[in-house]
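Now for the letters of each chain:
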Amino acid sequence: MPDDPPDRLIPDLEKPAREVARGVFKGAIDVWNWLRGNSQVGQKAGLTSRGILVLGPGGAGKTTFARLIAGDLDWLHDAPGQYEESVGLEHFTLDDDPGVEVVVAPGQDYRRQATWPGLLRQVATGVYRGVVLVNAFGHHTFSAASYKHHQLFKTTKEAFLTVYFADRRAEEVRVLRQLVPHLSVCPKPVWLLSIVSKQDLWWSHHGEAEAHYQQGEYANATGEIARALGDRGFRHELAFLAMTLRNLETDAGERLVQTEAGYDMRRVKTGIHQLIRVLAELKAWEARS
Amino acid sequence: MSETAVAEPPVETPEVFAVGSIPLLKEYFEKVSSFQERVRGLWAKYNNRDEKLSSVESMIYRAEFGALEQYFMRLLPAMQRFTQQISGMVDQGKVTPLVRSELQLRLAELEAVLTQLPNLMQVYRPRPIS
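Which chain is which? The protein sequence lines are A and C, in order. Numbered by this note's numbering, the letters in the first sequence go through residues 1 to 289 in order. Numbered by this note's numbering, the letters in the second sequence go through residues 1001 to 1130 in order.
For reference, chain A alone in the conformation it holds in the complex (with noise of 0.2 Å):
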C-alpha cells in the first residue's frame, strides 16, 4: 500500500471532506439541531443542558462517532490513518455551539478504573440525556504492536482472530454491565444507543451480529435496564454501521481483516442513515417523555 500523502498536499481535499461529512447530519436538520440541544422540545423540556456520553472498549470505534456527530470526520483524510488511542477524557462541541458537549471516555480497562467511575455516578445521577455504547462485533483495535504481542495469541493468526473477537464480544457485553446498574437508577429520562461499528468487517455475518445483539446476554442487561426504569424513563436503539472503510490492521502492518469485498461507500451511506433514522426515534422518544 503506497504511503499517505503528507498533509501539506492535501489541505485542499480537507475542507470538502468535512464539509460531506457535516451534510450527513446537517442534511437531516432536526436530527441535527436536537443534537445540538437546539430544538424546542428539549429546550421546553430543559434537557439542552445535559451533554451525551460515549463509552465502549478500547479500539470500538468511540472517536470517530464522536468526530462524525461533531461533523469534524474526514472520511478523505481520516479513513487510512493510525489507530489513536484516547489517553483521558476527550471532549466534543458539536459544530459551533460549545454548550452541547459530547465526552468520550478512554476504553482501555486499566484506564477505565481511573476515569469510570465519576462518569458513572454522573449517569446515575441524570447529567447525560443519552449514552451512546459504541462496540464492533468484536473487532477492536489494539494497541499492541502486533497480534503476536497479544496475550491470547497462541499459535496462528487464524486461531487468534477466532478467540480475539469472541473476547472482545465478551468485554463489550462487561462495559454494558458495567453501565447497567447506574443508568438503573438515573432520576430524568435517559436513552442509551448501542452503535454496533466496522460493519465493513464483518458484514457477511451480519445475521449473527444482528443477532447476538438483540438476543442473548446484551438485550438481556438492556431489558432489565427498561424493567427498572420504565418505557417512559429508557430508550434503547441499535444501529449497525461502518462510519469508515478500514481494515483492521496491527501497528506493525500486519492485516488480520480487511474491508469486505463490496462493502462500499454505498453500504457505508445507508448505516449513516440506518443511524439517523434511530436519532429521529430517540428524538421522538425525547419529545414524548
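Careful: at least some of the hints might be erroneous.
What the hints assert, rightly or not - Keeping only pairs whose Cα atoms sit at most 25 Å apart, straight-line, the calculated DSS-like set for lysine-lysine is: (1) A:Lys157 with C:Lys1094; (2) C:Lys1026 with C:Lys1094; (3) A:Lys283 with A:Lys269; (4) A:Lys148 with C:Lys1094; (5) C:Lys1094 with A:Lys154; (6) A:Lys188 with A:Lys283; (7) C:Lys1031 with C:Lys1045.
Said to hold, decoys possible - Away from chain A, derived, C-beta distances all over 12 Å, residues of chain C: (8) Ile1022; (9) Glu1027; (10) Arg1038; (11) Gly1041; (12) Ser1054; (13) Ser1055; (14) Met1059; (15) Ala1063; (16) Leu1068; (17) Leu1098; (18) Leu1120; (19) Pro1126; (20) Arg1127.
Please keep in mind that the hints were generated in silico from the structure rather than gathered at the bench. Note that this is a predicted model, so its numbers are computed, not measured. Just so it is clear, CB atoms sit at the ideal spot from N, CA and C, and this is done for glycine as well.
Here the structure of chain A is known, so what remains is to put chain C in place on it, guided by the hints.
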C-alpha cells in the same frame, strides 16, 4: 472476513519487546521531564523580573523557545506511537504480572508529562511583539 496472503513484517517476541521497552520508557521520561524544566527555566530567565525585555532579549527568548518547541514536536509523534504500543501491552499484552505493572507505572509517569506539556508550552510561549 477475508484476508490477504501478504508477507508479514518482522516483529520481536513480546518478551523482547517488553524488556526493551523499559529502558526506553525511563530514557524518554527523563528527557521530557528535563524538557519541561528547560521550558520553565527559560520562562523564568526572561520573564520573572520587573523590567520589560529589550527587543534583543525578546528575539533570543523567541528563538530559544522555538528551538525547544521544534525539538519537542519532532519527538512527539514517535513518543505517542511508542506509548500507545506500551498501552496495548499493559491492556492485553502477553507479559508477566510484574512486567505489566512496571510498564503501567512507567507509562503513567511518561503520559502524565506528555499530555501536560502542550498546555505548558502554550502558557510559556512568547507573546507576539506589540
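Tested hints:
1. A:Lys157 with C:Lys1094: holds, 15 Å
2. C:Lys1026 with C:Lys1094: This hinted pair holds, its Cα atoms lying about 21 Å apart.
3. A:Lys283 with A:Lys269: Holds. A:Lys283 to A:Lys269 sits at ~21 Å (cutoff 25 Å).
4. A:Lys148 with C:Lys1094: With Cα atoms ~8 Å apart, A:Lys148 and C:Lys1094 stay inside 25 Å; holds.
5. C:Lys1094 with A:Lys154: holds, 10 Å
6. A:Lys188 with A:Lys283: Satisfied, since the Cα-Cα distance of roughly 15 Å is no more than 25 Å.
7. C:Lys1031 with C:Lys1045: Status holds; Cα separation ~21 Å.
8. Ile1022: holds, 15 Å
9. Glu1027: The assertion about C:Glu1027 holds, with a minimum of 18 Å to chain A.
10. Arg1038: About 23 Å separates C:Arg1038 from the closest Cβ of chain A, which puts it past 12 Å; holds.
11. Gly1041: Holds: least Cβ distance 27 Å, greater than 12 Å.
12. Ser1054: holds, 36 Å
13. Ser1055: Given that every Cβ of chain A is farther than 12 Å from that of C:Ser1055, nearest at about 32 Å, it holds.
14. Met1059: holds, 28 Å
15. Ala1063: Correct as stated: the minimum Cβ-Cβ distance to chain A is 24 Å, above 12 Å.
16. Leu1068: holds, 23 Å
17. Leu1098: The claim stands: C:Leu1098 keeps its Cβ more than 12 Å from every Cβ of chain A (closest is about 15 Å).
18. Leu1120: At roughly 16 Å from the nearest Cβ of chain A, C:Leu1120 sits farther out than 12 Å, so the non-interface label holds.
19. Pro1126: C:Pro1126 clear of chain A: closest Cβ-Cβ about 25 Å, beyond 12 Å.
20. Arg1127: holds, 25 Å
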